[in-house]
Amino acid sequence: MVVDGIGASVKRKEDLRFLSGRGNYVDDMNRPGQAYAQFLRSDQPHGKINKVDISAALKMPGVVAIFTGDDFAAVGGVPCGWQIHSKDGSPMVEPRHPVLAAGKVRHVGDPIAMVVAETKQQAKDAAEAIVLDIETLPAVAGLTAALAQGAPLVHDEAPGNVCFDWHIGDKAAVEAGFAKAHKIVRLDLINNRLVPNAMEPRAAIGDYDVSSGEYTLYTTSQNPHVIRLLMGAFVLSIPEHKLRVVAPDVGGGFGSKIFHYAEEAALTWAAGKLQRPIKWTADRTEAFITDAHGRDHISTAELALDAEGHFMALKVNTQANMGAYLSTFAPSVPTYLSATLLAGVYKTPAIYAEVKAVFTNTVPVDAYRGAGRPEATFLVERIVDVAAREMNMDKVEIRKKNFIPKEAFPYQTPIALQYDSGDYMATFDGCLKAADYAGFEARRRASAAKGKLRGIGISTYVEACGIAPSAVAGALGARAGLYEVANIRVHPTGSVTVFTGAHSHGQGHETTFAQLVSEQLGVAHDMIDIVHGDTGKVPFGMGTYGSRSLSVGGSAMVKAMDKIIAKGKKIAAHLMEADVHDIEFKDGKFSVMGTDKAKTFGEIALTAYVPHNYPIEELEPGLEETAFYDPKNFTYPGGCHIAEVEIDPDTGTVSMLNFTAVDDIGRVINPMIVEGQIQGGVAQGIGQALLEHAIYDESGQLLSGSMMDYTMPRADDIPNISVGTEVTLCTHNPLGSKGVGEVGAIGSPPAVINAVVDALRDYGVRHVDMPATPAKIWAMIEAYQPKMAAE
Amino acid sequence: MYDFTYAKPATIADAARALTGDAEAKALAGGMTFIPVLKQRLNKPSAIIDLSALGLAGIKLEGDKLVIGAMTTHGAVAASAEVKKAIPALAELAGNIGDRQVRYRGTIGGSLANNDPSACYPAAVLALGATIKTNERSIAADDYFQGMFTTALNPNEIITEVHFPVPQNAAYTKFANPASRYAMVGVFVAKTAGGVRVAITGAGQNGVFRHAGFEAALAKSFTPDALNGIATPADEMNADIHGSAAYRAHLVGVMAKRAVAAAM
Ligand SMILES: Cc1cc2nc3c(=O)[nH]c(=O)nc-3n(C[C@H](O)[C@H](O)[C@H](O)COP(=O)(O)OP(=O)(O)OC[C@H]3O[C@@H](n4cnc5c(N)ncnc54)[C@H](O)[C@@H]3O)c2cc1C
Numbered sequence: 001m002v003v004d005g006i007g008a009s010v011k012r013k014e015d016l017r018f019l020s021g022r023g024n025y026v027d028d029m030n031r032p033g034q035a036y037a038q039f040l041r042s043d044q045p046h047g048k049i050n051k052v053d054i055s056a057a058l059k060m061p062g063v064v065a066i067f068t069g070d071d072f073a074a075v076g077g078v079p080c081g082w083q084i085h086s087k088d089g090s091p092m093v094e095p096r097h098p099v100l101a102a103g104k105v106r107h108v109g110d111p112i113a114m115v116v117a118e119t120k121q122q123a124k125d126a127a128e129a130i131v132l133d134i135e136t137l138p139a140v141a142g143l144t145a146a147l148a149q150g151a152p153l154v155h156d157e158a159p160g161n162v163c164f165d166w167h168i169g170d171k172a173a174v175e176a177g178f179a180k181a182h183k184i185v186r187l188d189l190i191n192n193r194l195v196p197n198a199m200e201p202r203a204a205i206g207d208y209d210v211s212s213g214e215y216t217l218y219t220t221s222q223n224p225h226v227i228r229l230l231m232g233a234f235v236l237s238i239p240e241h242k243l244r245v246v247a248p249d250v251g252g253g254f255g256s257k258i259f260h261y262a263e264e265a266a267l268t269w270a271a272g273k274l275q276r277p278i279k280w281t282a283d284r285t286e287a288f289i290t291d292a293h294g295r296d297h298i299s300t301a302e303l304a305l306d307a308e309g310h311f312m313a314l315k316v317n318t319q320a321n322m323g324a325y326l327s328t329f330a331p332s333v334p335t336y337l338s339a340t341l342l343a344g345v346y347k348t349p350a351i352y353a354e355v356k357a358v359f360t361n362t363v364p365v366d367a368y369r370g371a372g373r374p375e376a377t378f379l380v381e382r383i384v385d386v387a388a389r390e391m392n393m394d395k396v397e398i399r400k401k402n403f404i405p406k407e408a409f410p411y412q413t414p415i416a417l418q419y420d421s422g423d424y425m426a427t428f429d430g431c432l433k434a435a436d437y438a439g440f441e442a443r444r445r446a447s448a449a450k451g452k453l454r455g456i457g458i459s460t461y462v463e464a465c466g467i468a469p470s471a472v473a474g475a476l477g478a479r480a481g482l483y484e485v486a487n488i489r490v491h492p493t494g495s496v497t498v499f500t501g502a503h504s505h506g507q508g509h510e511t512t513f514a515q516l517v518s519e520q521l522g523v524a525h526d527m528i529d530i531v532h533g534d535t536g537k538v539p540f541g542m543g544t545y546g547s548r549s550l551s552v553g554g555s556a557m558v559k560a561m562d563k564i565i566a567k568g569k570k571i572a573a574h575l576m577e578a579d580v581h582d583i584e585f586k587d588g589k590f591s592v593m594g595t596d597k598a599k600t601f602g603e604i605a606l607t608a609y610v611p612h613n614y615p616i617e618e619l620e621p622g623l624e625e626t627a628f629y630d631p632k633n634f635t636y637p638g639g640c641h642i643a644e645v646e647i648d649p650d651t652g653t654v655s656m657l658n659f660t661a662v663d664d665i666g667r668v669i670n671p672m673i674v675e676g677q678i679q680g681g682v683a684q685g686i687g688q689a690l691l692e693h694a695i696y697d698e699s700g701q702l703l704s705g706s707m708m709d710y711t712m713p714r715a716d717d718i719p720n721i722s723v724g725t726e727v728t729l730c731t732h733n734p735l736g737s738k739g740v741g742e743v744g745a746i747g748s749p750p751a752v753i754n755a756v757v758d759a760l761r762d763y764g765v766r767h768v769d770m771p772a773t774p775a776k777i778w779a780m781i782e783a784y785q786p787k788m789a790a791e
Numbered sequence: 001m002y003d004f005t006y007a008k009p010a011t012i013a014d015a016a017r018a019l020t021g022d023a024e025a026k027a028l029a030g031g032m033t034f035i036p037v038l039k040q041r042l043n044k045p046s047a048i049i050d051l052s053a054l055g056l057a058g059i060k061l062e063g064d065k066l067v068i069g070a071m072t073t074h075g076a077v078a079a080s081a082e083v084k085k086a087i088p089a090l091a092e093l094a095g096n097i098g099d100r101q102v103r104y105r106g107t108i109g110g111s112l113a114n115n116d117p118s119a120c121y122p123a124a125v126l127a128l129g130a131t132i133k134t135n136e137r138s139i140a141a142d143d144y145f146q147g148m149f150t151t152a153l154n155p156n157e158i159i160t161e162v163h164f165p166v167p168q169n170a171a172y173t174k175f176a177n178p179a180s181r182y183a184m185v186g187v188f189v190a191k192t193a194g195g196v197r198v199a200i201t202g203a204g205q206n207g208v209f210r211h212a213g214f215e216a217a218l219a220k221s222f223t224p225d226a227l228n229g230i231a232t233p234a235d236e237m238n239a240d241i242h243g244s245a246a247y248r249a250h251l252v253g254v255m256a257k258r259a260v261a262a263a264m
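Protein sequences appear in the order of chains A and B. For the first sequence, the numbering used here gives the first residue as 1, with consecutive numbering after it. For the second sequence, the numbering used here gives the first residue as 1, with consecutive numbering after it.
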């Protein structure tokens, strides 16, 4: 019996080090002889660089060098990893994204110069001494302004500021559905722009070893191999054997640390030029204006229904803000990661979506926890609620009527994806019960008696993750493979080191992955180490995002362990003089079936490395195997989230009373970590729904540029989150796991907003855009009420 | 941060000398406001004069006055049995400033010297008709607050104590800014021997202010309903991404009624 295997709530191994200040983050690292970099950034949203005068700054104490855009003219631009084609077949407009601004600055925060000095303070002092001559140009910050006739252009090569104008689905089938519809429900929605705000700001050290000619970049990344590929091959032309990227402990990513950032290339390049290590750590202000933001879509959705409330067709038009440059995966977010999810959990037979991606003078926008799927889910689950109300149907009934039934799997949606498994009725019923939906009306009356408006909101969702089958992703525009790798090294005495291409930045991989090994190889949990985040140690892997680490990375481990066991059986057969087919491996022992002859895993490992009595003619010594696993399909976690809120009509304040989630994430490895992942995701979803908003003014200045104005969720904003699971296994990976990292952030925002709208049912409110702030709610209540004399 | 020299004088006289001798020198109390400003290089003092060794921390009751030393932290005020007994509203106010770390460092003197338009203490000081003692003089609350981040203090004057008359009833209600958790609207209502005083922080364009309309109404009847129909002019309120002027004007009314209810 394995006690620390699959299904056990093993305590997180990594927490002792994190909670006692013994983590090893990039900013904790220092290289001998290290200098410090400071980036001088644009405080203007849009401007023409006439002159960057560094002459006085160069004379400042401690200055080693100052680089500007001109110095990077010969290196590549920061590349985009996903190419979308427009409706007319033309490729997206992909303007050069220079490492340091060249010719123009395009957003507040755009780096203009990099100062390298002996100390951080000296670098800052010198940055202040640089004299800029920048001619202000008219700027566009919002989608509507950017798409207006005659709007200023962010890039001359992108007329109308359009990056691409893409579509998917069967337009004719949708029009036919609309023509036959009993009712068409229309809804305009905004998916609010967010700042990721990982606890650890980005940091990097560029290093260069003169004797070996090898570059090392230490960076806060979710995927060091991807950074090595993008930066080495596309920006700096450093061959991969001369470039090592290390991402040690990373304090949260939420997507924002997937991308290759200009600072990484600048530091690595300058380390080579100066033959010195150079360190940079962003402060929070820098994080606000340089980390890729999330969301920022404006959509119009139209849902056609028949007289019984069956969905007949869905039509969506979305504008997506790309910011000033294309960040690594930006084009994929509103398109293949979002529009393909518009079927949701419903049988809607015809769907058509158009997406226009737009450049603006703002920080680049890219994947943020959920990446596209929260946007799709918000749209679908909002319009379903609006449809229920306008059809005079119950919001539970309309969902049940339209669910894809569990018998229908595998289910081909009209919009590219094939869902492998699920049981939406089970998660729905489970959640309704757990949330005591039936008792809600009594609770509503109790709140009303206190003068409070109570509301309940439902979201039933599915998402696509476990990213991704490489060939499919490639056909859709990905410029990378999306498999994962695991190398399992069994040591002579039977302990195990796992080298994984996945990267843990809070997810608890060191614990969960060790459980997989413990389960399959029967090795004790504390005899297993998980190594990640170093291209110098780990084979080429793709990193962590898109809830892929377990379903793709874990599957690679299972495959590698299968090879270990297969080889172990051969060794065991030799030692016990049995036929290999008669050897069975169970609970950490190789035994000859039907006998009491057995060898422990440790004995086999030792034999592999001390091959005295060994089938050396047929078998290599050693016990170490690698497997690359390319998934056959995406995985499709789904479920139901229910939010209950209470609104104080005097102030507009929304209190989250409770939140219930019942999710199907396939096989659960560690229930405690799953609960934490869902709670964390829901906390971010509540943040998006009620609190967070990155607001630019018309001129392109970020108004919510610090914690004083950007409302991060705090502990007391988050209610008790009750988490349950219902399991249908993923049918195409060996673990049956679907992924849990993003479901919380995907399912929850519409549940919260549906609850807010429900609470406001007596005030003629049809929709509330996120975030549902007190001021916004009060204004709606105020606008509805006949204006009474001030209280 | 830019470079500066640091001194921690042991007497008020030495501190005053250090501050007057150098026009670029600045006093440091809890540093909760000042240090972030320094870190962001928004201020470039030549010298930092740390006030923490002047013996200015402490709470005592002197007759019908509660005396709080300038260097007394918010946490100390919140936890003080004397404050809880004499002016519980003040202990409660202090206990809801910022977070535990801020309350452990931030001081009443620093808060009043800074006079942030969203700070909590100014409402209490103004509504209670407190007196601010400095190394040079006594300043009545009504004369002290002169608009956002502006006070009657001379550039190098040091607040030493705040004298609060003990009211009959008082309460503070705060509608916190969702992001910063400072007061978006804070209302301090005090019923004293000399009448009712109502001070509003967070909302006004010129920082903390007294609400004459509310005071007159409450003088007649100290009940929440007495405030019905009494307007707060929206054109004197702040507007920002967190709320319009009309919303703030409305909240002033809501929070004032809640404060009166709590003070009754
Ligand atoms: C996260 C956070 C949340 C906060 N939330 C709130 C809140 O909800 N409500 C609220 O009211 N405040 C809030 N504050 C502000 C807090 O109360 C600060 O402590 C206060 O504003 C400044 O006090 P300090 O002792 O830290 O002063 P410092 O930062 O040291 O000094 C502030 C200024 O006052 C001057 N000064 C200090 N002491 C004296 C003195 N005795 N005489 C003359 N000048 C002096 C200094 O020179 C400086 O210019 C918050 C602060 C933070 C960081």
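Among these hints, one or two may not hold up.
Unchecked claim - Mimicking DSBU-like on lysine-lysine, the simulated pairs with C-alpha atoms at most 30 angstroms apart in a straight line are: (1) A:Lys120 to B:Lys39; (2) A:Lys120 to B:Lys8; (3) B:Lys39 to A:Lys51; (4) A:Lys559 to A:Lys11; (5) A:Lys13 to A:Lys406; (6) B:Lys39 to B:Lys8; (7) B:Lys44 to A:Lys120; (8) A:Lys59 to B:Lys39; (9) B:Lys133 to A:Lys124.
Keep in mind the hints are simulated off the structure, nothing from the lab. Quantities reported herein were computed from a predicted structural model and do not represent experimental measurements.
Consistency of the hints with the structure:
Between A:Lys120 and B:Lys39 the alpha-carbon distance is near 12 angstroms, which keeps this suggested pair within the 30 angstroms criterion. Taking the CA atoms of A:Lys120 and B:Lys8, the gap is near 27 angstroms; set against the 30 angstroms cutoff, the hint holds. Between B:Lys39 and A:Lys51 the CA atoms are separated by roughly 28 angstroms; this keeps the pair inside 30 angstroms, and the hint holds. Proximity of A:Lys559 to A:Lys11 is assessed by CA-CA distance (about 25 angstroms); at most 30 angstroms being required, the pair is judged to hold.
Between A:Lys13 and A:Lys406, the direct Cα distance comes to roughly 38 angstroms. Violation of the 30 angstroms bound is thereby established for this hinted pair. Restraint check: the Cα-Cα separation between B:Lys39 and B:Lys8 comes to about 20 angstroms, which is no more than 30 angstroms; the hinted pair holds. Restraint check for B:Lys44 and A:Lys120: the C-alpha separation of about 17 angstroms stays at or below 30 angstroms, so the hint holds. Between A:Lys59 and B:Lys39 the CA atoms are separated by roughly 24 angstroms; this keeps the pair inside 30 angstroms, and the hint holds.
A distance of roughly 40 angstroms separates the Cα atoms of B:Lys133 and A:Lys124; the hinted pair therefore is violated under the 30 angstroms criterion.
Violated hints, in rising order: 5, 9; the structure is consistent with all others.
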